[in-house]
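Engineer: In case you want the letters, here they are:
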Amino acid sequence: MTRKIIARKLLYALLTILVVLVFNYILFRVLPGNPLSMMMRNPRATPETIAAVKEFYGLDQPWYLQFFTYFKNLIHGDLGISFVYKAPVAEVVAKKILPTVLMVGLAEIVAIVVGIFLGIIAAWKRGTKLDVATLSFSLVTYSVPTFWLGMILVVLFSVQMRLFPTSGMFTPGKNFITTFAMLKDLFRHLALPVLTMSLVLIGQYALTMRNTLIDVLSEDYITTARAKGFRERYILKKHALPNAMLPMITIIAINIGFVVAGAIQVETIFSWPGLGRLMYEALRARDYPLLQGVFLLVTLSVVLANVLADITYSYIDPRVKN
Amino acid sequence: MKTRFKKYTIFALIFVLSIVQIGCGGSGQTSEEEINSFTVGSSAAFDTMNPLSSYMQATYEFFMLIYDPLVKYDENYEPIPGLAKDWDTSEDELTWTFNLQEGVKWHDGEPFTSDDVKYTYELMMDTGLGYMYSSYLTGITDIQCPDENTVVISTDFPKANMLMNSTPILPEHILSEIPDEELEIWANENPVGTGVYKFDSQGDNFVKVVVNEDYFGDIPEVDEYIFVSYDNIDSMAQSLMLGEIDGANNLNTAQYNQLMDDENVSVISGEEKGFMQVGVNCWTADESGGNPLLKEKGIRQAIELAINKQKIVDMAYNGHGTVGTTLINPGDYFHYEPTEAELRSYSIDKANDLLDSTGYVDSNGDGVRESSEGEPLEFELITIADNLEEVKSGQMIAADLAEVGIKVNNVTMDSGALYDQIIGGTYDMFIWGWGSDVDPTVITGVLTTDQIGGNNEPFFSNERYDELFLLQQQELDEEARREMVWEMQQIAYEEAPYIIIIYANNIQAIRSDRWTGFKQIPETGTYFFNLTDYNYLNIKPVE
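If you read the protein sequences in the order shown, they are chains S and W.
For the first sequence, our numbering begins at 1 and goes up steadily by one.
For the second sequence, our numbering begins at 323 and goes up steadily by one.
Bound conformation, chain S alone (with noise of 0.2 Å):
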């Protein structure tokens, strides 16, 4: 890929975050409700409370003055402030993205060893009793609700076997005397999120993998490998493993771009302090300046990862390379 090429991608990717941002703007504007009156449910606040409040966070401006303050103030990396947090958004929202990247990134990287593991078994084995069981698992918690899968897990794993906690990211109120205590703490309570949205994602990637694995294993060049005798192995390593592996890392470079975006259902069983229940928070709390803030994060991953998943194709997939 050249200079020239990558460089008009990140700015395609420039336009598209641009146009998002400018779309969330107004949709979260279009919403019913008054920021004001959920920000302060008090009747009896006098004219000038309300005229304080009012400009600290510039509602007072006409909407188009206050569009382009919003724009000004971002070039200078300025979130503005939350309506319900009243602090900074981007201090609130960069306190919530170490949680949710340790919870969902380690469950995606799980669940993507796994999931290609168990998707090369079954291509491999195809029509033996084990692509019958590795298909069923798959689709089982491919297609099982999250929020139920979570609550039953709760029940194994902390109320029958007692092994971890139910919910939260670290014990509530605990000081701790070691950082090794600490760390306990945080892999005990991470255990059940994590293991609950790796098995929601592992369907995924295993029948993609399985798919794609299949359909390379009959290409004609497969058949001619055979034919020169390379041992099964090697034919699955070299010649089909590559091949199928390209629509697997479009489905990774999309999930990874989700990642900040948290896991709403698993973050909400579980308590735990991610973006995805700030995002869910700030809906309900009409905090426009949260809500953009959060987005533009889960915009920015989203297509940074596409234009990364652009250029490893490059590497691995000759034909796009020319």
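Hints are computed from structural coordinates only; laboratory data are not their basis.
Heads up, a few of these hints could be off.
[Stated by the list, open to error] Estimated spans, in silico, between C-beta atoms of each pair: (1) GLU801(W) - LEU156(S): 44 to 52 Å; (2) LYS427(W) - GLU55(S): 35 to 43 Å; (3) HIS76(S) - LYS619(W): 18 to 26 Å; (4) MET378(W) - VAL114(S): 37 to 45 Å.
[Unchecked claim] Computed footprint of chain S on chain W; a stretch qualifies when at least three of its residues, placed anywhere within it, have a C-beta under 8 Å from a C-beta of chain S: (5) 519 to 527; (6) 538 to 550.
[As the list claims (entries may be wrong)] Example chain W residues on the side facing chain S (calculated, C-beta under 7 Å, incomplete): (7) THR449; (8) GLU506; (9) ASP553; (10) ASN554.
C-beta atoms are modelled at their ideal positions from N, C-alpha and C, and glycine is treated no differently.
Position chain W relative to chain S; hints supplied.
Structural biologist: Just chain W now, with coordinates in the frame of chain S:
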């Protein structure tokens, strides 16, 4: 392959080591002592740590521990000393003298004085901030501080609820540093009070308070309370059974049945002050956006007659509540019970008769009654989407009203959108609830003409009601005051701007295998969220 593996191992090692390194910096603490730590789970979220702008009940619960009012309630809702050790009122009942506890210090070590009381009350009265509390301050005209330990409050009428005033006293030395216009949005990240518990820390979903060893009163046995909010009450119930938390608030009825079988847990379905109501738009002004037919009292009464409240209690609330009638809960000293003649209990026949006699008949045979001008009795009923009980109730009400020829269209939205509809007066009917307190002033005040555009959701206005509201505030004789509050409830029931469906219970539980010394307040009430700090101060670990 092998070299790559090595590279990764080294990276991983460096990563782990660096994390351990970072953490070791702050590990100078001594090992954990045996501390009595009590964790309360609740499904309700906290809003802000600022008592001047908070409106969530969950937040008030720990404000009660961090801050002190002048006078607080004991377990029988009788006034007992808070920051005031005793008090006295003048002959004409217009001047109150409060003698303050001596040697009280704020949590930051600054001395507490009478000036803090004056400052807090005046700030709330002048700015309207601290809305949930400032309504207790109506009628105060002047506050004097003759010395550090005395507050003299003058009122323009004998103030009946002077000792039912739970306004927390805030520190002047901190608040006066903040410009007035920023008080509403002030975050108060580190609340400083005089209370028996001090603010310790706050996380994403919890607030922790620790006992204040320098407190002027008795020191409770529980060393720290941790208030945790759960997004999912199923997880909360599991946490309770596992012992991750010690108490739980706002459980659901399925969990009630489950916890009844758990011998480690004491679970109750406690009566709570407040009710769930259908609010009806009675606004008579031209700009009212409600269906004008609802301005007619007869239609509102017919709607109430046609609603099977008991069925809603049984089916939407699984029996955890009592059928509603008037503004103040049964069991409360001020509750008015409608007479046999006044009572509008469920009766399809009576509802049909009332509608027939007022001239609403189904003339075109579509199952919906019309006025003589052909206006159909068709109304929109708004419920809050994430309140399942209320949504279910709304659907049951629609089915009930269809029986008598009134068509109800159920609409759901979130509380913010509903709030805007209410403020704008653009709705027909909605379902929501009110929590109330010991003093009848706040809950009866909701329906006064003064509150139109604010708490008076149905835009109800009645001269006699308004007059009684002012009179009862000035009546220091409890029984005479009750007569007035009764008449107000009678008027509100007769006019039916609110159709009160249920006094719902709050299901709460405590790990009784670990803790003792707690009780329901009042006798059929709740453990927590009952406006008193009795249980917080009296819970003890089981020996």
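Engineer: Each hint: holds or not?
Structural biologist: Status of each hint after checking the structure:
A hinted range of 44 to 52 Å is violated for the C-beta pair GLU801(W) and LEU156(S), which are about 60 Å apart. Roughly 37 Å separates the CB atoms of LYS427(W) and GLU55(S), a value that falls within the hinted 35 to 43 Å. The given range of 18 to 26 Å is broken by HIS76(S) and LYS619(W), whose C-beta atoms sit roughly 59 Å from each other. The hinted window of 37 to 45 Å between MET378(W) and VAL114(S) holds, with their beta carbons roughly 42 Å apart.
Here's how the segment 519 to 527 of chain W fares: 5 of its residues keep a CB closer than 8 Å to some CB of chain S, so the rule of at least three is met and the hint holds. Counting residues of the segment 538 to 550 of chain W whose C-beta sits closer than 8 Å to any C-beta of chain S gives 3, which meets the bar of three, so the coverage hint holds. Annotation: THR449(W) was flagged as interfacial toward chain S, and the flag holds, the nearest CB pair being 6 Å apart, inside 7 Å. Below 7 Å, beta-carbon pairs count as interface contacts, and GLU506(W) has one with chain S at about 6 Å; its hint therefore holds.
Satisfaction of the interface hint for ASP553(W) is found here, the shortest Cβ-Cβ separation to chain S being roughly 5 Å, below the 7 Å cut-off. At about 5 Å, the closest approach between the beta carbon of ASN554(W) and any beta carbon in chain S falls short of 7 Å, and the interface hint on this residue holds.
In this structure, the hints that do not hold are numbers 1 and 3, in rising order.
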